[in-house]
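K.L.:
So the sequences go chain by chain: A and B. Quick note on numbering: this note's numbering labels position 102 of the first sequence as 102, and the sequence is numbered without any gaps. Quick note on numbering: this note's numbering labels position 131 of the second sequence as 131, and the sequence is numbered without any gaps.
No lab work stands behind these hints: they were computed from the structure. Honestly, I wouldn't trust all of these hints.
To be verified - Just some of the chain A residues that point at chain B, by a computed CB distance under 10 angstroms: (1) A154; (2) S219; (3) N233; (4) A234; (5) T235; (6) Q239.
Every residue, glycine too, gets a C-beta built ideally from N, C-alpha and C.
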Amino acid sequence: MSSKAKRKLKLGVFKFASCDGCQLSLLDLEDDLLSLADAVEIAFFPEASSKMKKGPYDIGLVEGSITTPHDAKRIQQIRRQCKMLVTIGACATAGGIQALRNWHNLNQWVGQVYAKPKFIHILSTSTPIAEHVPVDVELRGCPINKHQLLELLAAVAVERKPNIPTYSVCMECKRRGNVCIAVAQGVPCLGPATQAGCGAICPAYGRGCYGCFGPMESSSPKILAVHLLAQGNATEAVQRSFRTFNAWSEPFREMSEGKGTE
Amino acid sequence: MQPEISSRPEQLPKGAEVRMDVPALELLIEALRERGYRVVGPVLRDGAIAYGPVNKVGDLPAGWTSEQNPASYRLKRRPDNALFGYATGPKSMKDFLHVSEIRTFAAEKTDGLFWILPASEPPPRYAFLGVRGCDIAAMLVQDRVLIGGQAADPFYEARRRNCLIIAVHCTEPASTCFCVSMGTGPRARNFDLALTEFADSDLHEFLVEIGSEAGAEILERIPVTIASTEMTSRSRALTDRAGQAMTRHLDKDRAVSLLRENFDSPQWDRVAERCLACGNCTMVCPTCFCVTFEDSTDISGQRAERWRKWDSCYSLAFSYIHGGSVRSSTKSRYRQWLTHKLSSWVDQFGSSGCVGCGRCITWCPVGIDLTEEVAAIEKANSAARKEDS
């Protein structure tokens with residue numbers, strides 16, 4: 001460990017179909033960004049610097065989903081250049097909000113939006129990176145939690161296991177000392193089916209969990225959906241609550257189609 | 001009716017019962033604060049009556065109560081101005097004594113040397129005001145686990161050692177309560193002081209029972225008078241009525257053998273169809289003590305920390321050993337929780353792990369009721385026996 005720890009980790013940050021919010025979490029690290037720059041060589045990060053070093057990279061952070069034939073090829077090249085490939089954010093891990101296209105006829109839309117549709121070369125679906133190449137670690141969220149990103153990089157730097165929990169948001173919510181808004185106020189909340197990692201931000205401010213970290217380990221959204229329906233929430237509202245940032249991610253996908261709750 | 005007033009003796013003995021009014025309660029809170037206690041009691045917070053900091057009588061939830069059902073908790077107005085007229089809420093003393101997250105130590109490397117840094121500042125001295133019989137019983141369950149023995153936890157013990165317990169006998173159980181079945185209430189035991197509240201329209205006062213020397217000592221400068229026997233019997237009548245009002249029941253002795261013998265009950269599959277494995281029941285349970293330890297390093301690699309955090313037998317990582325999780329199905333995790341709580345806990349620690357507070361019923365997001373699950377396991381068990389004979 002000692003000899004390896006001295007050599008700076010070479011980091012690349014790559015963007016696919018996304019809003020850039022997740023890679024910005026790297027720049028949002030503020031004071032920690034300075035210590036990060038000491039420990040890690042930021043070799044390729046077009047969002048932050050026009051100085052771009054060639055691969056291979058020790059760690060590749062991949063943001064965004066695969067939506068074009070060109071990107072489907074590019075991710076293969078990036079995978080070959082990265083020893084460890086980490087997908088960051090709901091687009092990369094689940095297809096993102098743009099995966100809403102997966103339920104619709106895209107050609108029709110392209111014709112309506114673009115004056116010359118023949119220049120648009122896109123795939124009919126938006127898919128997560130893991131559907132195209134093997135992924136070593138996933139950081140969930142829309143956007144990711146910058147503390148989780150720092151935890152991951154700090155862990156890789158000293159070759160230890162990162163603390164990235166896969167249990168429910170409820171565990172974090174209760175540890176934080178929140179009073180459950182679903183039970184005490186009847187607010188629909190996806191926390192009991194959603195993966196932790198955000199620190200239960202929304203419930204702490206009186207809003208139900210939107211599920212932006214996607215399905216937790218052994219997630220049972222159907223049980224939650226049945227309960228939400230029994231509480232008098234409209235079927236359409238319950239289905240739509242699962243069709244957001246992680247719409248294409250099983251088992252949220254099935255729930256958004258209403259499977260099991262007809 | 002004004003109780004008979006007699007002058008108070010100079011020193012109140014343990015076991016004495018005195019009468020106290022609301023201004024005297026204010027003085028009691030002041031006296032606790034003057035002695036360096038951090039007073040924790042019921043406060044209105046985010047749509048619930050939860051334990052939190054209390055600095056004056058005005059912080060208490062006067063005139064509020066709760067209506068509790070499986071997966072539902074709602075605040076309601078009371079017809080009177082009672083300060084303690086509600087059943088237990090989302091938090092328990094566990095939140096303060098067996099805290100959810102604590103740094104157990106940190107280490108730093110400077111000039112090639114490795115330094116262990118102190119854990120954290122010394123814990124506060126808590127005075128718990130308004131806690132219930134079930135709460136105190138739960139604390140004693142955690143004492144048996146976390147003080148002495150194999151799983152001794154110095155952080156728990158340090159908080160627990162100096163705390164003062166001012167209980168309030170529960171006179172209005174929620175529909176989710178079953179403390180009578182578990183033998184933990186509604187009358188509190190093992191307190192320093194215990195109050196019974198009488199919030200009549202013309203007279204708002206308390207009967208105070210002195211349970212310890214520390215309790216007697218804190219009352220020294222508080223204006224109280226010897227309680228009438230009439231007041232004492234009214235207090236009994238109120239808790240008797242509360243006990244009779246309880247609608248949920250559980251046979252705690254029967255549960256020990258029932259769960260031990262029903263590892264293969266078909267009911268486990270049925271509850272797994274309703275359980276989210278979210279872990280809420282274990283988080284709100286005042287006796288669930290499981291923790292995980294997380295080691296982390298900062299990005300420079302020069303500083304390391306170890307944190308102790310509440311864990312849950314509902315997480316996959318909880319039973320992870322080399323090669324995978326032992327309890328991968330929700331069925332096996334629910335079975336583990338219930339069987340440990342009501343059965344193997346007795347073998348392990350000499351008492352049930354359940355105190356009948358009903359928090360796991362109220363705060364389960366889908367309202368799974370352990371008393372109903374035990375009844376269903378019993379029913380399936382009898383049906384299977386009938387088939388056999």
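K.L.:
Hint by hint, note whether the structure agrees.
P.N.:
Results for each hint:
no.	hint	in the structure
1	A154	5 angstroms, holds
2	S219	8 angstroms, holds
3	N233	13 angstroms, violated
4	A234	19 angstroms, violated
5	T235	18 angstroms, violated
6	Q239	18 angstroms, violated
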